[in-house]
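Protein chains in written order, with numbering that gives the first Met the number 0: chain G, 0 to 257; chain W, 0 to 319.
To be clear, the hints were calculated from the coordinates, so they are not data collected in a lab. We put the beta carbon where it would ideally sit given N, CA and C, even for glycine. Keep in mind that a hint or two might mislead.
What the hints assert, rightly or not - Sample of chain G residues lacking proximity to chain W, with all beta carbon distances greater than 10 Å (derived):
1) Asn8
2) Asn50
3) Asp81
4) Pro97
5) Thr98
6) Ala119
7) Gly151
8) His204
9) Gln207
10) Ala210
11) Glu226
12) Glu232
13) Arg244
What the hints assert, rightly or not - Going by beta-carbon spacing under 10 Å, a handful of chain G positions derived as facing chain W:
14) Tyr73
15) Ala74
16) Val77
17) Asp78
18) Pro95
19) Tyr102
20) Leu141
21) Val164
To be verified - Okay, the calculated beta carbon distance ranges per label pair:
22) G/Asp250 <-> W/Val25: 56 to 66 Å
23) G/Gln91 <-> W/Val254: 37 to 47 Å
24) G/Asp250 <-> W/Leu29: 27 to 37 Å
25) G/Asn10 <-> W/Asp23: 53 to 63 Å
26) W/Val25 <-> G/Asn10: 51 to 61 Å
27) W/Tyr105 <-> G/Val114: 34 to 44 Å
28) G/Glu226 <-> W/Thr209: 46 to 56 Å
29) G/Asp179 <-> W/Thr209: 54 to 64 Å
30) W/Ala122 <-> G/Asp69: 53 to 63 Å
31) G/Pro57 <-> W/Thr251: 30 to 40 Å
32) W/Gly74 <-> G/Glu136: 41 to 51 Å
33) W/Thr31 <-> G/Asn10: 24 to 34 Å
34) W/Ala122 <-> G/Phe16: 53 to 63 Å
35) W/Ile37 <-> G/Gly113: 50 to 60 Å
The primary structure of each chain is shown beneath.
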Amino acid sequence: MAKQITLENVNAYYGGFRAIADISTTIQPKSITAFIGPSGCGKSTALRTINRMHEVIPGARVEGSIRLDDDDVYASGVDPVDVRRNVGMVFQRPNPFPTMSIYENVVAGLRLNGVKRRPALDEKVERSLRGANLWNEVKDRLDKPGAGLSGGQQQRLCIARAIAVEPQVLLMDEPCSALDPISTLAIEDLMMELKDQYTIVIVTHNMQQAARVSDRTGFFSIEKTGEPGRLVEIDDTPKIFSNPREKRTEDYITGRFG
Amino acid sequence: MPTPTITTTTTTTTMTTTAQRRGDRVFSGLATGAGVLILVVLAGVAIFLVTESLPVIGAESSELPGDRTFLASLGPLVFGTLLAATIALALATPLSLAIALFISHYADRRIARTLGYLVDLLAAIPSVVYGLWGVSVLAPFLQPSFVWLEEHLGFIPLFAGPASSTGRTVLTAGIVLAVMVLPIMTAINREVFLQVPTLHEEAALALGATRWEMIRMSVFPYGRSGIVSGAMLGLGRALGETLAVLLVLSQTGAVTFNLISRDNPSTIAANIAADFPESTGVEINALIATGLVLFVITFAVNFLARAVLARRAGFDGAAG
Ligand SMILES: Nc1ncnc2c1ncn2[C@@H]1O[C@H](COP(=O)(O)OP(=O)(O)OP(=O)(O)O)[C@@H](O)[C@H]1O
Ligand SMILES: [Mg+2]
Numbered sequence: 000m001a002k003q004i005t006l007e008n009v010n011a012y013y014g015g016f017r018a019i020a021d022i023s024t025t026i027q028p029k030s031i032t033a034f035i036g037p038s039g040c041g042k043s044t045a046l047r048t049i050n051r052m053h054e055v056i057p058g059a060r061v062e063g064s065i066r067l068d069d070d071d072v073y074a075s076g077v078d079p080v081d082v083r084r085n086v087g088m089v090f091q092r093p094n095p096f097p098t099m100s101i102y103e104n105v106v107a108g109l110r111l112n113g114v115k116r117r118p119a120l121d122e123k124v125e126r127s128l129r130g131a132n133l134w135n136e137v138k139d140r141l142d143k144p145g146a147g148l149s150g151g152q153q154q155r156l157c158i159a160r161a162i163a164v165e166p167q168v169l170l171m172d173e174p175c176s177a178l179d180p181i182s183t184l185a186i187e188d189l190m191m192e193l194k195d196q197y198t199i200v201i202v203t204h205n206m207q208q209a210a211r212v213s214d215r216t217g218f219f220s221i222e223k224t225g226e227p228g229r230l231v232e233i234d235d236t237p238k239i240f241s242n243p244r245e246k247r248t249e250d251y252i253t254g255r256f257g
Numbered sequence: 000m001p002t003p004t005i006t007t008t009t010t011t012t013t014m015t016t017t018a019q020r021r022g023d024r025v026f027s028g029l030a031t032g033a034g035v036l037i038l039v040v041l042a043g044v045a046i047f048l049v050t051e052s053l054p055v056i057g058a059e060s061s062e063l064p065g066d067r068t069f070l071a072s073l074g075p076l077v078f079g080t081l082l083a084a085t086i087a088l089a090l091a092t093p094l095s096l097a098i099a100l101f102i103s104h105y106a107d108r109r110i111a112r113t114l115g116y117l118v119d120l121l122a123a124i125p126s127v128v129y130g131l132w133g134v135s136v137l138a139p140f141l142q143p144s145f146v147w148l149e150e151h152l153g154f155i156p157l158f159a160g161p162a163s164s165t166g167r168t169v170l171t172a173g174i175v176l177a178v179m180v181l182p183i184m185t186a187i188n189r190e191v192f193l194q195v196p197t198l199h200e201e202a203a204l205a206l207g208a209t210r211w212e213m214i215r216m217s218v219f220p221y222g223r224s225g226i227v228s229g230a231m232l233g234l235g236r237a238l239g240e241t242l243a244v245l246l247v248l249s250q251t252g253a254v255t256f257n258l259i260s261r262d263n264p265s266t267i268a269a270n271i272a273a274d275f276p277e278s279t280g281v282e283i284n285a286l287i288a289t290g291l292v293l294f295v296i297t298f299a300v301n302f303l304a305r306a307v308l309a310r311r312a313g314f315d316g317a318a319g
């Protein structure tokens, strides 16, 4: 189910501007990988190349190759829609569909896949909401708007929506940055549980969070503005935080950045 | 030297503050005045319509147009007004949605801008031109297709025929009205579609929605209230349009859903324009009373649309 992600010489552009350059790495299945680094260094861009969301932006394009196990995501003839059905994504700001009920939000992806039978949907809703640690809070109001939940609940709803389709990979772009510490911990616990089934890549500015949840950590950086972001170093999380290979990584981790 | 400078600065500051306060007062006065003026005009029109309509109550049918009671002649007019406007809206709504979507989500930027500009230009054409175009170009152009409709789809009551020989049918009028309301509806739809937050669109795309599925999941729900507002504005214009209908439609006052025959309903507005010059006495009051009814219909339609929107306000995309 969970797949290995291989990036090879990935470059991503916004029009003529190269935002990330020559990213190469392998991400193991059933693990959590954290991307850290200063603002604007291309963490989100790198993440969005994996599910082909980068090219949604007008003028944006990607070079290089990304494989899920052995399947090239960018091979000609691959429909980005199919890629996104297998790679779930959670965004920085919770974005449940505002006009849909909690129930409809969770099954939105399933409906896209053509699942129609009510019992099947009911079962998935309960399973996904339980998986997202939200079931007990919302089970009595599944028909209420998803937008009526608190920010933390909305984010967990978005996670439930993403895992309802049982993707092979789960991408999370600063999923806790808009949340209070308690909701943050709830989501971190959730990630630890989810990693038994999914390959998870998370972008975070929270160093403790990266240290707490991730198995491996990749540090992105830019030389100076206008230059593309690069993956400076990626290694086991304890190693990055105690004994990184690169001086720049150490400076960033210890707060002596810039 | 430094001292005078300081003095000047202080004076300027004080004056600016006073001027700003006065500016605020003037502006709020103007705003309030404009609001009151609108209410006064609206009340004036309403009072005029009501007082001028009153004599119709208790008038003998012999004094009224067509020697019929007021209600007997009102019914067919209301029917015709609603029919023509409904045809217009039924045609213009999907078309304006499609054009607006094409501009906002499908076309590349240059084509989109040109197309948007062209549609806006349609709004600048005076209604008499639409009327002339309708009667001299569109009606003869459509007439053969009415014959075809009668022959092949005549079993549907809408196309029962016999097909009009001039083409000046209620369907033609409805099409002209549709073209006339298209610009405003397209402009409003386009604006709301462009305002859909990227966040909502990406939520759908990241789940593996195709572009059309994304539009159904994110764009339409978000734009729903805007779409309804646009349709209401279009409907208001279609209900009240006078000149184009007067020129295009060959009105006989019939009550029929047969859209392509020579017996066509009249609309309230076109009927007023047609009959007013030859009316005297209480006949004029009767026409004004139909105007009052039109006013009420337009108002009710708007009210209804708002009520429908408010009922689902909790789920409203634009609000959330
Ligand atoms: N839609 C866009 N159009 C043009 N340039 C963009 C766009 N999005 C990002 N960029 C640029 O690409 C570079 C990388 O941006 P990206 O969002 O990937 O950084 P990030 O590491 O995620 O930053 P942050 O930590 O602030 O989220 C930046 O220089 C940014 O200005
Ligand atoms: Mg980012």
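Going down the list of hints, with the structure as the test:
In this structure asparagine 8 of chain G is separated from chain W by more than 10 Å, as the shortest Cβ-Cβ distance comes to about 25 Å. The non-interface label for asparagine 50 of chain G is inconsistent with chain W: the shortest C-beta to C-beta separation is roughly 7 Å, within 10 Å. The claim that aspartate 81 of chain G is not at the interface with chain W is violated, since a C-beta of that chain comes within 10 Å of its own (minimum 7 Å). With 10 Å as the threshold on Cβ separation, the claim that proline 97 of chain G sits away from chain W is violated: the shortest Cβ distance comes to roughly 4 Å.
A Cβ of chain W approaches the Cβ of threonine 98 of chain G within 10 Å, the least distance being about 4 Å, so the stated non-interface status is violated. Residue-level check passed: alanine 119 of chain G sits 17 Å from the nearest beta carbon of chain W, beyond 10 Å. The beta carbon of glycine 151 of chain G sits about 17 Å from the closest Cβ of chain W, which is more than 10 Å, so the claim that it is off the interface holds. Every CB of chain W is more than 10 Å from the CB of histidine 204 of chain G (nearest about 19 Å), matching its label as outside the interface.
The beta carbon of glutamine 207 of chain G is kept farther than 10 Å from every beta carbon of chain W, the shortest such distance being approximately 27 Å. Listed as outside the interface, alanine 210 of chain G is consistent with that label: its C-beta sits roughly 27 Å from the nearest C-beta of chain W, beyond the 10 Å cut-off. For glutamate 226 of chain G, the requirement that its beta carbon stay farther than 10 Å from each beta carbon of chain W is met, with the minimum near 26 Å. Look at glutamate 232 of chain G: its CB is around 28 Å from the nearest CB on chain W, clear of 10 Å, so calling it non-interface holds up.
Every CB of chain W lies more than 10 Å from the CB of arginine 244 of chain G, the least distance being 34 Å, so the non-interface label holds. The interface hint given for tyrosine 73 of chain G is broken, as the beta carbon of that residue sits about 16 Å from the closest beta carbon of chain W, more than 10 Å. Contact between alanine 74 of chain G and chain W, as hinted, is not supported at the beta carbon level, the nearest pair being about 17 Å apart and thus beyond 10 Å. At its closest, the beta carbon of valine 77 of chain G sits 13 Å from a beta carbon of chain W; the interface hint therefore is violated under the 10 Å criterion.
This hint holds: aspartate 78 of chain G has a C-beta 9 Å from the nearest C-beta of chain W, less than the 10 Å allowed. Among the interface hints, the one on proline 95 of chain G holds; its C-beta lies about 8 Å from the nearest C-beta in chain W, closer than the 10 Å criterion. Interface hint status for tyrosine 102 of chain G: violated, as the beta-carbon distance to the closest one in chain W is roughly 13 Å, over 10 Å. Given the 10 Å rule on beta carbons, the hint for leucine 141 of chain G is violated: about 14 Å separates it from the nearest Cβ of chain W.
A least Cβ separation of about 7 Å between valine 164 of chain G and chain W falls short of the 10 Å threshold, and the interface hint therefore holds. The hint said 56 to 66 Å for the Cβ distance between aspartate 250 of chain G and valine 25 of chain W, and at roughly 58 Å that hint holds. Checked against the given bound of 37 to 47 Å, the beta carbons of glutamine 91 of chain G and valine 254 of chain W, roughly 60 Å apart, lie outside it. The beta-carbon spacing between aspartate 250 of chain G and leucine 29 of chain W, approximately 59 Å, falls outside the hinted interval of 27 to 37 Å.
The hinted window of 53 to 63 Å between asparagine 10 of chain G and aspartate 23 of chain W holds, with their beta carbons roughly 54 Å apart. Checked against the hint of 51 to 61 Å, the pair valine 25 of chain W and asparagine 10 of chain G passes, with Cβ atoms roughly 58 Å apart. Between tyrosine 105 of chain W and valine 114 of chain G the C-beta distance comes to about 28 Å, which lies outside the given range of 34 to 44 Å. Look at glutamate 226 of chain G against threonine 209 of chain W: about 36 Å separates their beta carbons, and that is not inside 46 to 56 Å.
At roughly 36 Å, the beta-carbon separation of aspartate 179 of chain G and threonine 209 of chain W lies outside the given 54 to 64 Å, and the hint is violated. The beta-carbon spacing between alanine 122 of chain W and aspartate 69 of chain G, approximately 57 Å, falls within the hinted interval of 53 to 63 Å. At roughly 54 Å, the beta-carbon separation of proline 57 of chain G and threonine 251 of chain W lies outside the given 30 to 40 Å, and the hint is violated. Taken as a hint, the range 41 to 51 Å is violated for the pair glycine 74 of chain W and glutamate 136 of chain G, whose Cβ atoms sit roughly 57 Å apart.
Evaluation of the 24 to 34 Å hint for threonine 31 of chain W and asparagine 10 of chain G yields a failure: the beta carbon distance comes to about 60 Å. Here the CB-CB span from alanine 122 of chain W to phenylalanine 16 of chain G is close to 39 Å, at odds with the stated 53 to 63 Å. Here the CB-CB span from isoleucine 37 of chain W to glycine 113 of chain G is close to 52 Å, well matched to the stated 50 to 60 Å.
In summary, the structure is inconsistent with hints 2, 3, 4, 5, 14, 15, 16, 19, 20, 23, 24, 27, 28, 29, 31, 32, 33, 34 from the numbered list given earlier, while agreeing with the others.
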